[in-house]
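Undergrad: The chain contents come next:
6 protein chains.
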Amino acid sequence: MRYLLEEMTWPEVREALESVKLAIIPLGAHEQHGPHLKESCDAVLAEEFAKRLAERLYPWALVTPRVSFGISLHHIHFPGTITLRPETLTQLLRDVVWSLHQHGLENFLIINSHTGNQSTLDVTCTSLTHEFGVNMYYAKTTAGAKDAIRKYVRSDLYGHSCEREVSEALYLAPHLVRQDHLEAGQIRPGHWRLLRPDQPVRGFYYYDEMTANGCIGDAPSASVEAGRAIVEEALDHLELSMRILLGLPDDSERRKPEGV
Amino acid sequence: MRYLLEEMTWPEVREALESVKLAIIPLGAHEQHGPHLKESCDAVLAEEFAKRLAERLYPWALVTPRVSFGISLHHIHFPGTITLRPETLTQLLRDVVWSLHQHGLENFLIINSHTGNQSTLDVTCTSLTHEFGVNMYYAKTTAGAKDAIRKYVRSDLYGHSCEREVSEALYLAPHLVRQDHLEAGQIRPGHWRLLRPDQPVRGFYYYDEMTANGCIGDAPSASVEAGRAIVEEALDHLELSMRILLGLPDDSERRKPEGV
Amino acid sequence: MRYLLEEMTWPEVREALESVKLAIIPLGAHEQHGPHLKESCDAVLAEEFAKRLAERLYPWALVTPRVSFGISLHHIHFPGTITLRPETLTQLLRDVVWSLHQHGLENFLIINSHTGNQSTLDVTCTSLTHEFGVNMYYAKTTAGAKDAIRKYVRSDLYGHSCEREVSEALYLAPHLVRQDHLEAGQIRPGHWRLLRPDQPVRGFYYYDEMTANGCIGDAPSASVEAGRAIVEEALDHLELSMRILLGLPDDSERRKPEGV
Amino acid sequence: MRYLLEEMTWPEVREALESVKLAIIPLGAHEQHGPHLKESCDAVLAEEFAKRLAERLYPWALVTPRVSFGISLHHIHFPGTITLRPETLTQLLRDVVWSLHQHGLENFLIINSHTGNQSTLDVTCTSLTHEFGVNMYYAKTTAGAKDAIRKYVRSDLYGHSCEREVSEALYLAPHLVRQDHLEAGQIRPGHWRLLRPDQPVRGFYYYDEMTANGCIGDAPSASVEAGRAIVEEALDHLELSMRILLGLPDDSERRKPEGV
Amino acid sequence: MRYLLEEMTWPEVREALESVKLAIIPLGAHEQHGPHLKESCDAVLAEEFAKRLAERLYPWALVTPRVSFGISLHHIHFPGTITLRPETLTQLLRDVVWSLHQHGLENFLIINSHTGNQSTLDVTCTSLTHEFGVNMYYAKTTAGAKDAIRKYVRSDLYGHSCEREVSEALYLAPHLVRQDHLEAGQIRPGHWRLLRPDQPVRGFYYYDEMTANGCIGDAPSASVEAGRAIVEEALDHLELSMRILLGLPDDSERRKPEGV
Amino acid sequence: MRYLLEEMTWPEVREALESVKLAIIPLGAHEQHGPHLKESCDAVLAEEFAKRLAERLYPWALVTPRVSFGISLHHIHFPGTITLRPETLTQLLRDVVWSLHQHGLENFLIINSHTGNQSTLDVTCTSLTHEFGVNMYYAKTTAGAKDAIRKYVRSDLYGHSCEREVSEALYLAPHLVRQDHLEAGQIRPGHWRLLRPDQPVRGFYYYDEMTANGCIGDAPSASVEAGRAIVEEALDHLELSMRILLGLPDDSERRKPEGV
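Going line by line, the protein sequences match chains R, Z, V, S, U and D. Under numbering that gives the first Met the number 0, the first residue of the first sequence is numbered 0, with each subsequent residue one higher. Under numbering that gives the first Met the number 0, the first residue of the second sequence is numbered 0, with each subsequent residue one higher. Under numbering that gives the first Met the number 0, the first residue of the third sequence is numbered 0, with each subsequent residue one higher. Under numbering that gives the first Met the number 0, the first residue of the fourth sequence is numbered 0, with each subsequent residue one higher. Under numbering that gives the first Met the number 0, the first residue of the fifth sequence is numbered 0, with each subsequent residue one higher. Under numbering that gives the first Met the number 0, the first residue of the sixth sequence is numbered 0, with each subsequent residue one higher.
Bound-form chain R, shown alone:
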C-alpha cells in the first residue's frame, strides 16, 4: 500500500512525496484494557484508524510507523501496563517530526486513541510548532462521532474498554476482543468521581481506584454495527477537516462547514 511508510521502499517514498502533504502518526498506548481487550488495543486501533483516514486522503497523506506507547501511569497497577513519561513522548514525537520535516513535510496529524495522551499532545504541538514552524494537528480517533456515540453508547461513565471501544475494535480489529470475557465495568466508590472531566476540580487518580476489573461502561452491549457507525462518522469529520486545513481539492459529496 502506497501510503504506509512501513510498507514502502525508499524509491517508493520518494515518488509518494511528490504529492504527499501530510504525515499521519498513529499514537496508542500499551495498557490494561480489562479482561476482554488485549493490552495493545489503543495502538492497534490508532493504526487501523489512521490507515483508513490515509486511504481517504490518498495521494496526499502517508502513515508513519505507529507509536505503541503512551502516558499510562494511571493504569500501572494493572499487570503489563507500560508508560512513558510525558517528556519522553514529546521527545519521541519531536524526532519523528524532525525526520519527516527533513524530507520536506510541513503538516503532521497525530491520530491518538488514548485520552491520557491528549494533554501531552497539546503541549507537544505547541512546542514543535514553535521549534520547527510546522503545522501540528492531533485528533482523538473517534471523538468527533457525536451522533453515533449518542445513539449507541448508553453508559453514563464510558471511555475505556467500554461499549464504545469494544465496538470500535469489533469493526476495526476484532482479534483484539475476547468475546467470551466481555464484562461491564466493576465500578468502585471513591473520590475519583470528583475528579472527572466534567467536575470543577481535576487531578490524578489511579484507574484501580475507579474500577476493579479495569473497565468502565458496558462492554457486553458492544456491536460491530455500533463500531462501524462510530468509526465512519469520525472519519467523515476528520477527512473533511483535513481537506480544508490542507487546501485539498474538494470532495463532491462533502460540504464545507459554515463560517470557514
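Rather than coming from a laboratory, the hints here were simulated on the basis of the structure. Mixed in with the good hints, there may be bad ones.
Unchecked claim - Using C-beta positions, here's what the derived DEER-type ranges look like:
id	chain 1	residue 1	chain 2	residue 2	range
1	U	ASP179	D	GLN185	50 to 56 Å
2	R	GLN185	S	THR114	46 to 52 Å
3	U	PRO196	D	GLU6	27 to 33 Å
4	U	ARG187	V	GLU208	43 to 49 Å
5	D	PRO248	U	ARG227	46 to 52 Å
Since the structure is predicted, the reported quantities are computational estimates derived from the model, not experimental observations. C-beta: ideal position from N, C-alpha, C; glycine also.
With the hints as your guide, set chains Z, V, S, U and D onto chain R.
TA: For chains Z, V, S, U and D alone, kept in the frame of chain R given last:
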C-alpha cells in the same frame, strides 16, 4: 491574613501548619487581553479567586505566592505577552510543591485562570504525583459555574477578554478593566475554527489569526452582577469538592454529591 | 502607570515600546525573614525598588511582573520557605527574556533583592547573552548604597532581616514589618563563620545553623530615615549606570564617572 | 500467544508473571533498505526474531511491543528514514524498563536488529543498571551466527540490505522483500572506507557517501536457506546464553506452550 | 606521592582512605592569559596549589585529577580559549563527587584558580549538598592572601595575567611564564568599567572589550618573592579553616609524609 | 611545543591556526588499574599518544588539554575510581568542540585509551556532527596495531592492566608502572564470560565480578620492546588515515618543528 503565605512570618506559618492540609497555588499568565483588560488579568484573577477559596476553607488551606507567568505562545504576537515553555512551568511548580512538601503538606490545588495552562497542568500533576506521592489537583477558576455562565454569557465564542472574563474582573478586581475601552471581539475568518475544542481536530494557532483586537466574545455586555454570580457559583462547587477530597468536617448548608 | 507591564493593555505596551530600551525584571524570594518581616519581603522590596528605578528612567524602561521565588534552600528549615533549584530560575528568566526579545527589547536588568540569587544570576546572564546576544545586567537592589550603609548599619554581621533590610522595608513597603516583633538576630556558634563571604573558604550552610530566630543584625535599630537614605543612594547610582550603559540623554544633576 | 504482551489481557499477564523472569524488547529502526526491502525491515525482523526466542524460553520470557524507531541519522538523506536522537531512545527504553520493573521483572534483553543502535544500547544498559539495579542485556539479532554467515555471506562489505539481511527477511518475514528489485550495492568511492569498524579511526559518515542505492553486499544471492541457517544458529546461541544467565532449567524439560 | 589520586594504585587508595576525610578537586580553566602566560595557567596553578594544601593536610586529604576546563566564555574571542557551559561544569563535578562519595568520602573542597568559575561553584555546591548530603566547600586559590596582595599588588585593576598571577606562577610553576613577553595590560575604554565587581550593576562583557592584549594589571612587576608571600599566606589561611571545618587535630602533631 | 594548546599563549595559538586543520582531544579515564598501574594510566597514555601523533602531523594538528575522566562505572567498586555518566562526557566534549569550532577548526579526533568510552564516543560523534556540521573522528589508541599485538600479546583475555597496556606504559610513560607489583589477572568464574565482546549477548557487569585484583592478562610479560612496537604501529596507521581524511600533503614533505 493568616492564610496568605505572602502576608505571614515564619512563626505564623508554623502555627498555621498545625491545621493546614492544603496549599493553594494561584497560576495565571502575563498576556494580552485586548484593549480593555490589563495584561496581568489572569494572574490577578487567579490570586483573588484563590484568596476567596482559602477564606472559605480556613483554617485548612494556605495560599502561596502567585505564579504570574503561564503558557502564552499563542498570544506572543501581541505586544507585552510573556510565555513560559511548558517544561519551565512544570519545573517551577515542581519546586514549589517540593518546598511545601518539606514543610509537611500533602495536598496541592493549583487555581488556574488561563485555559492555555490546562494541558501543562495535567502533565505536571501526573509527574508530581509520581515523583512525590502527593495529591495534586488543579481547577480552572470558574469553569464549574455552569448555571451562571449559561445565564449571563451570550456569545457563541467566548473565553478570553469576553463578557465572562470582564465580569469576573469587575467583581474580583475592577482596577483591571478599562471601562472606556470595552470592545467586542473583532473575529477574523480562518482555519482556527476547525481547531476549536469542540472540533474533531485540535492544533496550534496564533490568537491573532482569530481576532484582530485580541478579544473574543462581547465584553461590553459584562457586569459586576454576572461576575458575582459566576465567581460565587464556582467557589461553591470548588469548596464542596475540596472539603470532600480533604475529608474536612461538613459544612451545614452543603450536601454530599450523589454516589461519592 | 505607563511603565508597569502588569498595569498596561497591549495597545499601551505597543505605544510604550516606541521609546522603551530596557526591561527591568524584579526578582525576590519567598523565604523566612525572622519574626518581624513577612516571607514575601524580598519579592515586594525588589518590585518597589524596580518601580522607583523605572520611574526615574521613564520613558526608556518597563517593569515586568516580579519573579516571587528565588534560591532559598538555606532557609528551607524555617516554615513557609519556598525555593527554586538554580536551573529552574535560569529557565524561567530565559523564557521571560526570550518573550520580551520577541517584542524587540535588547537590554535586560534584573533587580534582585536576595543575595542567595546572585550566583545564579551571574550564570544566567552569561548563558542568555550567549544564547540570544542581548545585553544582560543584574543588580543587588541596595548594594551600591555604600555611604548610607556605612552611616546607618552598625552590626558586624548583617544582610538578612537586619536593620538594613527592615529600614528599606519601612521606607518602601512598611506593611511588611511587624513593628511589635522586632528582634535582633539570635546568633548561634558554628562553622558558618568560616564560610562567610570574607573568608578564604566558601560553602553551603543552613541559616538555622547561624541564627535561631532567622535574623542577623539588629532590626530594632532600623528606621525609615535609614531606609530612605539607603534606597535613594542606591537608586542614584543605578540610574546613572543605566543611563550610561543605555546611552540615554544626560540628566543635568548627574556627572559621568571618571574614566568611562 | 501467551508470551506476547501485545496479545494478552491483564489477567493473562498476571498469570504469566508467575513464571516469567525476562522481558524481551524488540528494537529496530525505520530507515531506507535499498530498492528491495521495506523501510520497516529492521523493526519487523527484530520482532520476529524476538518471538522465536521467547517461544524457546517459554514460560520464562515475555515479548514487549516493539520499538520501531532507532538511530538512523546516517540514512536521513534517503526518503522516508526516521531517526531518534540517542538520548530519546535511551529515555524511551528507560521508561519501558521502569514500567516492567514495577510489575516485578528484573531481567531485560533488548533484541536489536540495527547495528546503528548498538552504541546507544551499551550506554543505555550502563545507565539503567545504575539507575534501577536491574540486569540489562542486549543482542544484535544474528551477530552470533558466525558459522552460517561464513558459509552463506560472500561479500567483503555487508551488513545492510545485503544477502545476509535479505536472507533473514526471506526466512522470517518474506513480505518485506521486493523480489523483483533485488540489487547489489552500488558502492561509491570515498573516505568512508577509512572509518569502517575494522579501521583504526572511526567516525560519522552518511550512508549515501558509501552507496548510491542504499545497499551494500549482494542481495540477489540471498536465499531462504541461508536465512534459516543464520537465524536458527543465532537463536541457538542466544537461547543457551540466556538460559545460563537466568539460571533456567535445562532445555530438555521445556514444553511448548499450548496453542502457540 | 601518597595524597595524589593520579599517582596511586587502587590498593594504595584503599589504604589512604583509612585516614582521608577530604577530597580536594583542583579546578582551572583553559583560556588566554595574554602574551606572557600559557593558556593552561589556571589549571596548572590550581593543581600546584592543591598539592601544597594536601601536603599540609596529610594524611587527611587526597587530590583528585584536575579539571582543566572552566567557564571562559568572556575570553572566547582570543584564540585557543575553551569554555564549558555552566551546567556542564556542574554535572562534571557532580559525577566526580558522586564517585568519591561511593568510596566513603563526605567532604569536598574545590580549589579554584579562575574567578569566572566562582558563581557556578556556588550553584554547584548548593545543588550537591542538596542531592548527596555531603559537605561542599570551594575556595579561590589565593583570595585569602589579603596582606601579601596589599603589599605586592599595586595596580588598581588586577586579577588576570597581572602581577599577582604571574608572581604566583613564578613561584608555583615558572614554566608557565614567557619572561621575555611580560606586558602590562593594554586597557581599552568602555562600558565594562560600569560592570566590575565593585559597581552597583553587574553584567556580562567580553574580555577583549577591556584589554587589547588579554592582560590587566602590571605583569612586569611580578616576582617570585611576591608569589611566595601570596601563596603561602593563602595556604596558611586555608589550612587553618579546613582543619577546623574537618575537626582535625592541631597542626603541631602533624608529620610530613615519608617520601614526599 | 608549538602543537600543545596547554603550552601556548594566545598569540602562539593564533599563529598556529594559520596551518592547523585538526584538533586532537586526548581522552582517558580515572580508574583502578590493578596493583601495578597508577589510576591515571588511561589519561596519561592518551595524552602521550596524542602528542606523538600531533608531532607526526605537524603543523596541521593541535593537542587540546586532556580529558582525564571517562565512563568507568564498571570499576567503581575499586577504591579511587571516578566515573562520568555518559551524558556528562558527551556534553563536556560538546563544549570543547564548540569552543574550538569558534576558532575556525572543522576536524576533531578524539584519541581514547579506554574501551569503556567507545560507545559514548560513537554516540557523541553522531550528535556533534549533527549539531555543528563538523567532522568528528575517534580512535582507540593502539587498536590498530594488529600485527604487534598478535606478536606480543599472548593472553586470551586481555585489554586492561594486561601485558599490552603495561607495555604501552613502559614505552610511553614508565612512571605509571609499579615494576615490583606486576601481577597477572586473578580471574574469577562468573557470568561475565557470556557478556564479552565476542559473545552473542552483551550486557553490563562489574569488573570485580571478573577479576579479584582488577587486572586481566599477564602484566609480568610486558616489555618496553612490545610497547614500542604496538605504539609505533598504531601511530603509523593513524597518521596515514588522518593524512588521507584531511587531504594533507605526503609525509615526505613534512619537517619536524623547530624546538620540539
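Undergrad: For every hint, state whether the structure bears it out.
TA: Quick rundown of the hints versus the structure:
no., hint, result
1, U/ASP179 <-> D/GLN185: 50 to 56 Å, "holds, 55 Å"
2, R/GLN185 <-> S/THR114: 46 to 52 Å, "holds, 49 Å"
3, U/PRO196 <-> D/GLU6: 27 to 33 Å, "holds, 31 Å"
4, U/ARG187 <-> V/GLU208: 43 to 49 Å, "holds, 45 Å"
5, D/PRO248 <-> U/ARG227: 46 to 52 Å, "holds, 49 Å"
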